[in-house]
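Protein sequence lines correspond, in order, to chains A and B.
Taking this note's numbering, I'd label the letters of the first sequence as residues 1 to 335.
Taking this note's numbering, I'd label the letters of the second sequence as residues 1 to 335.
Just so you know, the hints here were simulated from the structure itself, not pulled from any lab data.
Glycine included, each C-beta is placed from N, C-alpha and C at the ideal position.
Any given hint might turn out to be false.
Unchecked claim - As a list, the in silico SDA-like pairs of lysine to any residue whose alpha-carbon atoms are at most 20 Å apart:
1) A/Lys35 - B/Lys35
2) A/Lys314 - A/Thr51
3) B/Lys35 - A/Lys314
Said to hold, decoys possible - Some chain B residues near chain A, calculated using beta-carbon distances under 10 Å:
4) Pro40
5) Ala142
6) Leu333
Protein chains: 2
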Amino acid sequence: MSESNPQQVRPQDSEAEDLPVAAEVFAAAQRLTGKVQRTPILTCRALNAATGAEIFLKSEHLQKVGAFKARGAANAVALLPEGTQRVATHSSGNHGAALAWAAAEQGIACSVVMPENAPAAKRAAVAAYGADIVLCEPTLAAREGTLAELVAETGAHVVPPFDDRRVIAGQGTVAQEIIGQCRELGFTPDLIVAPVGGGGLLAGVGLAVSALAPDIKVLGAEPAGADDAQRSFRSGERVTEQTPVTIADGLRTTLGARNFSVIRNTVNDIVTVSEDDIRQALALLWTRTKQLVEPSAAVSLAAVLAHPARFRGKRVALVLTGGNMDLETVGELLV
Amino acid sequence: MSESNPQQVRPQDSEAEDLPVAAEVFAAAQRLTGKVQRTPILTCRALNAATGAEIFLKSEHLQKVGAFKARGAANAVALLPEGTQRVATHSSGNHGAALAWAAAEQGIACSVVMPENAPAAKRAAVAAYGADIVLCEPTLAAREGTLAELVAETGAHVVPPFDDRRVIAGQGTVAQEIIGQCRELGFTPDLIVAPVGGGGLLAGVGLAVSALAPDIKVLGAEPAGADDAQRSFRSGERVTEQTPVTIADGLRTTLGARNFSVIRNTVNDIVTVSEDDIRQALALLWTRTKQLVEPSAAVSLAAVLAHPARFRGKRVALVLTGGNMDLETVGELLV
Numbered sequence: 001m002s003e004s005n006p007q008q009v010r011p012q013d014s015e016a017e018d019l020p021v022a023a024e025v026f027a028a029a030q031r032l033t034g035k036v037q038r039t040p041i042l043t044c045r046a047l048n049a050a051t052g053a054e055i056f057l058k059s060e061h062l063q064k065v066g067a068f069k070a071r072g073a074a075n076a077v078a079l080l081p082e083g084t085q086r087v088a089t090h091s092s093g094n095h096g097a098a099l100a101w102a103a104a105e106q107g108i109a110c111s112v113v114m115p116e117n118a119p120a121a122k123r124a125a126v127a128a129y130g131a132d133i134v135l136c137e138p139t140l141a142a143r144e145g146t147l148a149e150l151v152a153e154t155g156a157h158v159v160p161p162f163d164d165r166r167v168i169a170g171q172g173t174v175a176q177e178i179i180g181q182c183r184e185l186g187f188t189p190d191l192i193v194a195p196v197g198g199g200g201l202l203a204g205v206g207l208a209v210s211a212l213a214p215d216i217k218v219l220g221a222e223p224a225g226a227d228d229a230q231r232s233f234r235s236g237e238r239v240t241e242q243t244p245v246t247i248a249d250g251l252r253t254t255l256g257a258r259n260f261s262v263i264r265n266t267v268n269d270i271v272t273v274s275e276d277d278i279r280q281a282l283a284l285l286w287t288r289t290k291q292l293v294e295p296s297a298a299v300s301l302a303a304v305l306a307h308p309a310r311f312r313g314k315r316v317a318l319v320l321t322g323g324n325m326d327l328e329t330v331g332e333l334l335v
Numbered sequence: 001m002s003e004s005n006p007q008q009v010r011p012q013d014s015e016a017e018d019l020p021v022a023a024e025v026f027a028a029a030q031r032l033t034g035k036v037q038r039t040p041i042l043t044c045r046a047l048n049a050a051t052g053a054e055i056f057l058k059s060e061h062l063q064k065v066g067a068f069k070a071r072g073a074a075n076a077v078a079l080l081p082e083g084t085q086r087v088a089t090h091s092s093g094n095h096g097a098a099l100a101w102a103a104a105e106q107g108i109a110c111s112v113v114m115p116e117n118a119p120a121a122k123r124a125a126v127a128a129y130g131a132d133i134v135l136c137e138p139t140l141a142a143r144e145g146t147l148a149e150l151v152a153e154t155g156a157h158v159v160p161p162f163d164d165r166r167v168i169a170g171q172g173t174v175a176q177e178i179i180g181q182c183r184e185l186g187f188t189p190d191l192i193v194a195p196v197g198g199g200g201l202l203a204g205v206g207l208a209v210s211a212l213a214p215d216i217k218v219l220g221a222e223p224a225g226a227d228d229a230q231r232s233f234r235s236g237e238r239v240t241e242q243t244p245v246t247i248a249d250g251l252r253t254t255l256g257a258r259n260f261s262v263i264r265n266t267v268n269d270i271v272t273v274s275e276d277d278i279r280q281a282l283a284l285l286w287t288r289t290k291q292l293v294e295p296s297a298a299v300s301l302a303a304v305l306a307h308p309a310r311f312r313g314k315r316v317a318l319v320l321t322g323g324n325m326d327l328e329t330v331g332e333l334l335v
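Based on the sequences and whatever the hints tell you, model everything.
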């Protein structure tokens with residue numbers, strides 16, 4: 001990147017200099033062809049009627065391992081240093097399962113540090129892909145400490161869940177597909193909305209769109225009860241601590257350093273939604289599209305319901321991020 | 001039909017002489033093009049692994065009104081006698097909503113007699129399509145009596161839920177689509193499995209397959225706790241009474257007269273499944289395909305799980321019949 005490039009990223013954090021560029025998304029898309037699903041774009045007249053917009057659902061709950069996380073994990077594993085024999089991460093959610101799956105596909109060993117209170121279903125998924133699970137106390141310090149010990153012992157290569165250029169580039173392939181699939185249908189969407197937690201997906205989407213179709217607006221959607229990304233975006237200073245309160249369990253993490261830098265430069269805005277908005281969106285998706293998405297996935301539709309004036313009459317692509325949830329909780333998540 | 005035709009149907013019941021023929025399915029398919037969805041066929045590697053078969057899911061939960069019933073209702077409404085101003089039926093399930101929808105599409109009034117204990121969600125769906133709801137006591141006698149009164153008062157034309165040649169022909173279009181879609185994918189399925197309640201779907205599927213691709217085996221799948229169709233099929237005498245005990249609420253009705261006659265002549269066998277088989281199939285569909293289907297829809301996959309030797313190594317198309325259910329019950333339906 002040259003000094004004169006207006007897209008140049010001005011890092012705040014020292015790690016943030018190691019930033020992905022759009023070409024890495026395009027390379028990831030080629031690399032992942034045939035390894036991950038080109039998930040379908042679904043439409044539903046009832047959603048159009050409920051929102052006054054034309055809604056296109058990019059269905060990453062139908063992705064390998066049931067979440068877009070398969071993209072970033074598969075890209076990172078494909079780009080491992082020569083001779084890597086084991087990867088590792090800490091995760092209570094979809095990234096652990098995604099890394100376990102991606103490693104198994106390449107015949108590489110995988111360890112996942114999981115908090116003792118991680119849902120049994122999540123542990124079962126990681127175990128089913130053949131990874132070793134190392135349990136620890138449910139604090140960030142314990143997770144990081146346990147992972148560091150494991151790396152010291154085994155020499156495992158760490159693949160972080162979002163603050164990693166290979167992961168961001170992998171997640172960005174979602175947007176490249178959306179643009180291509182909409183083009184096949186004969187149009188360009190006006191907006192793409194993606195939920196934001198650690199920011200791997202949103203940064204990747206921003207990166208891809210700014211290079212491929214800069215007229216498309218990219219919006220992040222975030223629970224008001226975990227609004228660090230919006231506060232970071234609006235203040236220009238990355239918020240690194242919060243006490244999240246949201247049913248969208250995939251979005252409770254705080255924004256990564258690289259993610260923040262990329263998002264500042266490529267995303268148009270971040271909007272927040274209430275828990276009621278999320279529940280209403282979730283109920284609409286379940287009852288009208290019959291797609292069993294997880295609460296975090298409903299946050300992009302919640303943004304359209306909560307901010308109708310921004311979307312009315314527009315063609316809006318929403319990323320449905322995943323479909324992994326404890327089905328016992330469906331009843332209590334209903335409006 | 002001539003005496004020498006081996007496919008000739010030998011009616012048991014007097015009404016059974018008024019039987020649909022395959023040409024009526026083909027005419028229905030033309031008539032319904034653009035009015036109902038050509039629903040997708042979904043595949044899922046986890047289901048293939050769980051069954052040892054190659055599974056193709058005909059996704060009628062993504063049909064208009066969320067169930068295959070839209071096909072039969074739309075076909076019946078399209079074939080109404082000239083000048084019909086109102087249709088009517090009694091229904092506690094998907095047929096009421098389907099008829100309400102089909103009538104509204106044609107600008108025809110609709111009355112649906114519903115038992116007082118019908119789920120609120122089902123009443124809301126019928127009302128949302130603009131039909132008049134007439135409540136009655138939850139007995140078959142009260143339902144039929146109330147419908148007869150309504151017809152006497154309003155002159156409404158009755159569209160029965162399954163024992164009707166227009167309805168059977170409409171439901172049969174599912175099979176014509178399955179055969180066409182599989183052909184586009186380069187193969188012919190070995191078997192098609194469809195759940196059987198009143199028998200509208202199974203009779204329609206049998207009719208279409210026997211004319212279009214008689215090498216495909218057609219199997220009915222039925223809860224053991226509502227096995228009137230299997231008993232009828234095996235004894236040759238239609239069972240007209242049973243006390244159904246099954247979570248598959250769409251399959252609690254007994255087989256219709258016309259349906260029985262067509263099924264005897266065109267279907268290869270009817271297999272039963274336990275309630276545990278249904279729950280296991282439902283959990284697999286929810287967790288692995290992320291498709292929110294109703295319990296009745298899982299009965300075809302349950303048949304494959306319960307009778308593996310019949311399906312191993314085969315290409316099997318399963319009809320997922322619908323996706324309308326009370327989401328509050330998801331937790332209690334889990335295995």
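| query | So which of the earlier hints does this model not fit? | reply | Hint check: 1, 3, 5 fail, others pass.
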